[in-house]
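Enquirer: So the protein sequences, as listed, match chains L and R.
If you read the first sequence in my numbering, its first letter stands for residue 1, the second for the next number, and so on.
If you read the second sequence in my numbering, its first letter stands for residue 1, the second for the next number, and so on.
Check each hint, because a few of them may be wrong.
Note that the list lumps identical chains together, so a pair holds whenever it fits in one copy or between two copies.
[Said to hold, decoys possible] Here are the simulated DSS-like cross-link-like pairs (lysine-lysine), alpha carbons at most 27 Å apart as the crow flies: (1) Lys58 / Lys20; (2) Lys191 / Lys40; (3) Lys242 / Lys20; (4) Lys119 / Lys3; (5) Lys119 / Lys2; (6) Lys2 / Lys113; (7) Lys2 / Lys242.
To be clear, the hints were calculated from the coordinates, so they are not data collected in a lab.
2 protein chains.
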Amino acid sequence: MKKIKIAQFGLGPIGLEALKLAATQPWVEIIGAVDKDPSKAGRPLTEVTGLAQLDGLKVSANLEELFRDTQPEVILHTAGSSAAISLEQMRPALELGVSVASTCEELIFPALKAGHLVKEYDGLCRHTGARMVATGVNPGFVMDLLPITMTAVSRAVDSILVERVVNASTRRQPLQAKIGSGQSPEEFRAKLQSGRAGHAGLRESLALLAHAMGWPMDSITEVGEPMIAQHDIKTNFFTVAKGQACGIHQRAVGLSGGVEKIVLDIKMYLDAENPCDHIVIRGRPPLDVTVNGGVAGDDATVASLINIVPRLLSAQPGLHLPIDLPVPRWGFNT
Amino acid sequence: MKKIKIAQFGLGPIGLEALKLAATQPWVEIIGAVDKDPSKAGRPLTEVTGLAQLDGLKVSANLEELFRDTQPEVILHTAGSSAAISLEQMRPALELGVSVASTCEELIFPALKAGHLVKEYDGLCRHTGARMVATGVNPGFVMDLLPITMTAVSRAVDSILVERVVNASTRRQPLQAKIGSGQSPEEFRAKLQSGRAGHAGLRESLALLAHAMGWPMDSITEVGEPMIAQHDIKTNFFTVAKGQACGIHQRAVGLSGGVEKIVLDIKMYLDAENPCDHIVIRGRPPLDVTVNGGVAGDDATVASLINIVPRLLSAQPGLHLPIDLPVPRWGFNT
Numbered sequence: 001m002k003k004i005k006i007a008q009f010g011l012g013p014i015g016l017e018a019l020k021l022a023a024t025q026p027w028v029e030i031i032g033a034v035d036k037d038p039s040k041a042g043r044p045l046t047e048v049t050g051l052a053q054l055d056g057l058k059v060s061a062n063l064e065e066l067f068r069d070t071q072p073e074v075i076l077h078t079a080g081s082s083a084a085i086s087l088e089q090m091r092p093a094l095e096l097g098v099s100v101a102s103t104c105e106e107l108i109f110p111a112l113k114a115g116h117l118v119k120e121y122d123g124l125c126r127h128t129g130a131r132m133v134a135t136g137v138n139p140g141f142v143m144d145l146l147p148i149t150m151t152a153v154s155r156a157v158d159s160i161l162v163e164r165v166v167n168a169s170t171r172r173q174p175l176q177a178k179i180g181s182g183q184s185p186e187e188f189r190a191k192l193q194s195g196r197a198g199h200a201g202l203r204e205s206l207a208l209l210a211h212a213m214g215w216p217m218d219s220i221t222e223v224g225e226p227m228i229a230q231h232d233i234k235t236n237f238f239t240v241a242k243g244q245a246c247g248i249h250q251r252a253v254g255l256s257g258g259v260e261k262i263v264l265d266i267k268m269y270l271d272a273e274n275p276c277d278h279i280v281i282r283g284r285p286p287l288d289v290t291v292n293g294g295v296a297g298d299d300a301t302v303a304s305l306i307n308i309v310p311r312l313l314s315a316q317p318g319l320h321l322p323i324d325l326p327v328p329r330w331g332f333n334t
Numbered sequence: 001m002k003k004i005k006i007a008q009f010g011l012g013p014i015g016l017e018a019l020k021l022a023a024t025q026p027w028v029e030i031i032g033a034v035d036k037d038p039s040k041a042g043r044p045l046t047e048v049t050g051l052a053q054l055d056g057l058k059v060s061a062n063l064e065e066l067f068r069d070t071q072p073e074v075i076l077h078t079a080g081s082s083a084a085i086s087l088e089q090m091r092p093a094l095e096l097g098v099s100v101a102s103t104c105e106e107l108i109f110p111a112l113k114a115g116h117l118v119k120e121y122d123g124l125c126r127h128t129g130a131r132m133v134a135t136g137v138n139p140g141f142v143m144d145l146l147p148i149t150m151t152a153v154s155r156a157v158d159s160i161l162v163e164r165v166v167n168a169s170t171r172r173q174p175l176q177a178k179i180g181s182g183q184s185p186e187e188f189r190a191k192l193q194s195g196r197a198g199h200a201g202l203r204e205s206l207a208l209l210a211h212a213m214g215w216p217m218d219s220i221t222e223v224g225e226p227m228i229a230q231h232d233i234k235t236n237f238f239t240v241a242k243g244q245a246c247g248i249h250q251r252a253v254g255l256s257g258g259v260e261k262i263v264l265d266i267k268m269y270l271d272a273e274n275p276c277d278h279i280v281i282r283g284r285p286p287l288d289v290t291v292n293g294g295v296a297g298d299d300a301t302v303a304s305l306i307n308i309v310p311r312l313l314s315a316q317p318g319l320h321l322p323i324d325l326p327v328p329r330w331g332f333n334t
């Protein structure tokens with residue numbers, strides 16, 4: 001089997017997990033990694049990852065340094081939520097025709113926040129032969145790609161509702177921190193309302209759904225509120241007193257022709273009962289789908305990133321939406 | 001909007017429904033239909049379909065006759081379960097570079113029953129620019145494409161189980177007949193075991209799953225048994241006495257390395273309680289998905305056929321598996 005040469009950009013928790021998962025795939029050859037953090041750049045990749053099989057590779061400080069030594073076919077990009085910044089970060093790769101799979105939330109539907117860059121980067125990719133796409137669980141799967149896939153069997157679609165409940169008690173520390181665990185409700189509410197806190201990508205999921213259905217949106221509105229602890233909660237990382245914030249509740253609503261066509265509702269909080277993803281498509285036939293227990297976060301995010309690579313390489317050059325690649329799935333077989 | 005010129009091949013119940021649904025799509029222009037049945041061939045399409053807007057079109061007896069008058073971009077093929085026969089039926093279209101979307105069950109994974117024809121027809125399509133794919137609900141979605149899509153978020157997949165329960169009481173007469181309603185259990189069991197009765201495509205779903213996961217199969221076995229009426233049942237079409245057959249239970253098992261990797265289990269019977277589709281993927285993360293109420297049959301089958309057309313036309317020429325086209329979805333927007 002011809003292996004696909006992969007380099008990792010960003011060695012935070014998700015990047016490290018992605019690299020570790022990639023290292024177990026028989027179709028992947030890891031040839032390098034990039035992280036600007038001075039505590040990582042320049043060090044052997046074996047040390048940073050704990051993976052002995054990456055012997056001989058070191059962490060490059062930037063793409064230019066990586067490309068002096070080697071050239072991957074695909075870069076796994078796990079270094080931020082901003083579409084504009086992620087595109088700029090990846091420009092040196094795209095200019096060389098190197099493809100990029102990213103977990104950048106805004107890139108799930110880049111036209112929303114970086115519309116002025118889409119044509120330019122799509123053109124760049126087509127010119128050099130690079131392909132770029134973003135993937136993930138949320139955004140990228142449970143609240144967008146999966147409901148879109150369900151409409152494959154719809155004669156008519158009237159509206160789409162997706163509800164996701166995540167039990168944050170089972171998740172890693174940064175997620176528990178991100179959702180305001182232990183903060184005062186007023187303080188965290190202010191952060192949510194000013195955009196300094198909250199889950200990224202909900203609007204992108206909604207915009208991707210709207211695009212896929214061909215529904216022009218009058219407006220996409222999003223509100224966020226803290227979830228309040230109803231009793232004292234203790235996790236591996238936080239102790240939260242009754243009355244403090246213990247999570248977030250975000251809801252995005254898309255109006256088209258004055259009608260609520262898309263509603264996405266997510267609750268991520270400590271000790272959440274009955275975590276699940278629930279998709280309701282009103283139409284003909286009506287569709288009601290439950291992912292019992294929900295799609296677990298980090299494992300699945302990393303998996304979606306590795307799994308998209310074979311589909312990405314089979315696509316035409318360009319900056320792609322995840323729904324325009326072949327049906328996503330585990331593994332290499334195409 | 002540039003419309004896609006479509007002709008319908010096969011004017012049975014599914015073909016007629018497909019044509020009616022196609023006629024409501026703003027991106028479709030219906031330009032003809034084919035049926036060899038002398039009671040339909042030669043007659044005005046308005047008469048056969050009841051659709052006044054098809055004024056001026058008549059039913060052709062075969063493709064050659066259709067092509068003397070007009071040339072569609074896509075043919076909707078709803079005329080049988082056999083891959084070999086369906087490919088042969090569509091050869092005149094493929095030779096002209098006309099693409100084909102089919103409900104032929106065996107074409108969901110043609111390598112299983114018509115392996116000797118796949119290379120030839122794929123080559124023909126590539127030569128003429130035609131694209132061909134099969135679609136449907138089962139096979140084509142709930143027991144194959146949907147579970148395959150779920151594995152997009154899997155780090156590892158150990159085994160896949162899909163259970164489908166269909167309440168046949170709510171379905172059309174031919175389906176109630178097909179599942180043995182009112183027949184003696186012994187008689188219907190003999191028909192099931194000799195292949196003269198039963199649901200087509202379960203093996204194809206399993207083979208498609210195995211292919212997508214890259215799992216070589218030691219064997220694919222399928223067993224079928226009648227469901228027995230536990231009480232007298234009356235539908236719009238049948239009266240079934242307690243003890244008579246009232247449905248089918250089919251189960252396909254795929255072994256790989258001596259291990260049960262894929263199990264597909266379908267029950268279609270009269271007065272079935274709690275119809276649903278249930279997908280269990282053992283792996284990391286484990287995934288458990290329920291389509292509450294199940295994906296309804298005929299509406300959804302026809303929808304999947306119309307909805308695949310824009311994706312089919314965006315693909316490269318060739319004989320495709322449904323999982324190798326872009327993410328399936330409602331409507332035209334690509």
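Enquirer: For each hint, tell me whether it holds in the structure or not.
Expert: Hints, one by one, checked against the model:
1. Taking CA atoms no more than 27 Å apart as the test, lysine 58 paired with lysine 20 passes inside one copy only; the shortest distance there is 15 Å, against 62 Å between copies.
2. Neither within a single protomer nor between protomers do lysine 191 and lysine 40 lie at most 27 Å apart by alpha-carbon distance, with minima of 31 Å and 68 Å respectively.
3. Taking the shortest alpha-carbon separations for lysine 242 and lysine 20, neither the intra-copy value of 38 Å nor the inter-copy value of 59 Å comes in at or below 27 Å.
4. With identical chains, the CA atoms of lysine 119 and lysine 3 are at most 27 Å apart between copies only, with a shortest distance of 25 Å across copies and 31 Å within one.
5. Taking the closest pair of Cα atoms, lysine 119 and lysine 2 come within 27 Å of each other only across two copies (23 Å); inside a single copy the shortest separation is 33 Å, beyond that limit.
6. Taking CA atoms no more than 27 Å apart as the test, lysine 2 paired with lysine 113 passes in neither setting, with 38 Å inside one copy and 30 Å between copies.
7. Taking identical chains as interchangeable, the C-alpha atoms of lysine 2 and lysine 242 are never at most 27 Å apart, the minima being 56 Å within one chain and 60 Å between chains.
The structure fails to meet hints 2, 3, 6 and 7 from the earlier list, while all remaining hints are met.
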